[in-house]
Amino acid sequence: MVEKFDIPTLPTYIEIPDIEKGAMKGDGPFKSSAEFQNPLGFPGEKVADWQTVAIAKMAELKSKYRSVQVFLDACVKCGACTDKCHYFLGSKDPKNMPVARQDLFRSVYRRHFTFAGKYFPKLVGAKDLDETMLDDWYNYFHQCSQCRRCSVFCPYGIDTAEISMAAREVLDTVGVGQKYCNQILGKATTVGNNLGLPEPALRDTLLDLEEEIEEETGIAIKYPLDVKGAEVLLVTPSADFFAEPHIDGLIGYGKVFHQDGVRWTMSSFASEGANFGMFIGSYDVMRKAALRIRKAALDLEVSRIMVGECGHAWRVAYGFWNTLTGVGAGATDVFGLKLQNQLDPRYSQPQHIIEYTHDLIKRGKLEFDKSVNDHRTVTFHDSCNIARASNMGGIPNGQFILPREVIKAVCNNFVDMARDTIMESTFCCGGGGGLLTDDLMEIRVKGAMPRMQALKAVEGSDNVDTLVAICAICKSQFSKVLPKFDFDPYMIVSVHQLVGEALIMDKPQIEEDLSATEVVG
Amino acid sequence: MADILGAPVDEEGFLVNLKDWNKDIAIAMAKADDIELSQEHWDVIDFLRNYFEEYQIAPAVRVLTKAIGKQFGKEKGNSKYLYSLFPYGPGKQGCRFAGLPKPTGCI
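Protein chains in written order, with the working numbering: chain Z, 1 to 521; chain E, 1 to 107.
Since the hints were made in silico from the structure, they are not lab data. Predicted model, so just to flag it, every value in this text is computed and none were measured. Glycine is no exception: its CB is placed at the ideal position from the N, C-alpha and C atoms. Any given hint might turn out to be false.
Stated by the list, open to error - Partner residues are not named here, just some residues of chain E that face chain Z (Cβ under 7 angstroms, in silico):
hint, residue
1, A60
2, R62
3, T104
Let the sequences and hints guide you as you build the complete structure.
So, in structure tokens, the structure goes:
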């Protein structure tokens with residue numbers, strides 16, 4: 001289990017690397033078997049007439065999603081995206097230049113769907129879909145984390161992630177799926193979370209956590225599960241229950257809810273915020289996973305739905321839940337409409353936990369002892385899907401402003417990394433988009449290089465020793481890759497860990513207010 | 001398919017049939033990772049197996065550290081200690097030695 005690859009050295013500045021052809025050539029991540037493919041509606045192995053099936057699927061995607069066709073047609077190969085990809089910068093493989101990776105798909109599209117490509121393929125770089133091409137798709141479209149940094153710099157606004165998603169959907173359709181994503185989706189759509197954590201285990205894990213917090217703080221903070229009639233349904237990545245440092249973020253959420261006095265619950269039926277349906281590019285699977293949340297919200301009769309610290313969960317919630325499930329406006333089916341009537345219009349639906357905590361801070365409902373975090377100098381890693389595919393607080397750039405304001409409210413020492421590595425230009429952690437699996441460790445480590453470089457710079461200039469994120473994947477990825485670049489793996493924490501540690505816990509404010517009224521009366 | 005002492009394992013080295021597990025398999029798996037199993041390793045492996053029997057899933061990291069800390073002393077109740085035993089992670093390497101399925105998700 002020793003790595004057979006070189007860890008990139010961190011340069012003083014990020015420069016366009018000399019290319020190394022075929023540096024990341026390979027078979028790609030472990031392939032999914034029938035056991036994981038079939039429940040999602042995909043063939044268990046590569047189908048006999050895979051070329052025909054693949055081209056037919058491309059035709060379907062092209063007509064169903066106009067965006068895909070526009071993105072395939074619009075590229076003029078200007079090259080603005082080439083050096084924007086963390087995987088290219090870290091691996092030096094020219095096929096990881098976003099334009100080149102997309103062109104694996106685009107050249108086949110040209111061959112089959114454009115006049116010039118049909119009749120003069122060589123003139124327009126149109127290529128046939130053969131075994132080698134399909135293998136390249138599988139390998140290189142699993143070296144894209146769908147982070148969309150390249151799209152920010154594309155003069156045509158081509159959403160490269162959408163092309164990666166389309167390619168992965170075609171691959172699944174011909175029976176060549178990725179084990180990591182599809183195994184997880186099987187668990188998420190049957191057990192209710194990516195871990196496959198059944199209800200009794202989840203309940204006991206939460207009880208254990210309550211016990212631990214009470215031992216440490218003397219306060220009985222509850223982690224309610226399946227409480228009908230609660231106000232808030234929290235949907236958070238299941239890593240928050242299971243992994244470190246995630247669980248300290250969950251402790252932070254609980255403290256904030258406790259202090260606010262709101263009645264909240266989680267659901268054992270929909271105990272997962274993450275939705276890997278996005279990563280494999282399948283709206284059908286994405287919807288299947290999302291509908292569990294609708295059912296939980298209807299059954300528990302909640303009036304608010306809140307999302308925990310998870311990057312792509314927030315993208316799915318913010319950008320897709322409205323039409324997929326009726327959370328927000330726009331649903332037309334009967335259950336979607338029922339949910340829309342049930343949810344309280346005074347709050348944004350869904351709401352991000354950062355928006356919630358930020359609002360409580362602004363209204364003076366939370367008090368902090370910031371000195372508790374004085375031993376830290378903190379920087380914030382913007383997670384791709386939050387930064388480039390969502391908003392918070394309903395104000396322009398709110399997704400950058402709100403998390404930073406929350407951090408600054410609970411901690412005195414905050415420093416941002418270089419401007420071209422944060423906010424809309426943030427570098428991916430290297431593990432997003434369905435790549436957070438051990439069999440992709442090489443590309444994960446290499447892809448982390450640009451983020452690590454920016455972190456190294458603020459470590460040198462400002463003694464930054466704490467990296468904060470609001471995404472379960474980022475947190476897990478950093479715990480693994482930080483030590484490869486000589487950082488402390490424990491320097492990555494949740495925003496709500498910082499919040500929880502600095503929060504001054506006193507009695508529920510509602511009771512206090514009532515007793516105050518009585519005295520005056 | 002690869003195997004360890006005759007028991008089939010998947011591409012990531014996890015047992016395909018959980019019933020195949022025995023102590024020799026754990027020892028052989030550890031040896032392949034250059035680890036000699038000590039009593040401290042077995043304490044963790046036993047806990048993992050008992051937990052799995054009850055809940056059909058591996059314990060959360062915090063549940064594991066807390067239980068180990070309670071049973072074997074507070075200084076052992078943290079993930080740093082567990083990583084010292086299982087450098088590739090108590091969740092992934094520990095579960096593999098204990099014959100549990102690999103934990104999946106954003107972890």
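Now for the hints, and whether the structure bears them out:
Hint on A60(E) holds. Least Cβ distance to chain Z is approximately 4 angstroms, under the 7 angstroms limit. A least Cβ separation of about 5 angstroms between R62(E) and chain Z falls short of the 7 angstroms threshold, and the interface hint therefore holds. A hinted interface residue such as T104(E) counts as satisfied when its beta carbon comes closer than 7 angstroms to some beta carbon of chain Z; here the least separation is about 5 angstroms, so the hint holds.
The earlier numbered hints are all upheld by this structure, with none contradicted.
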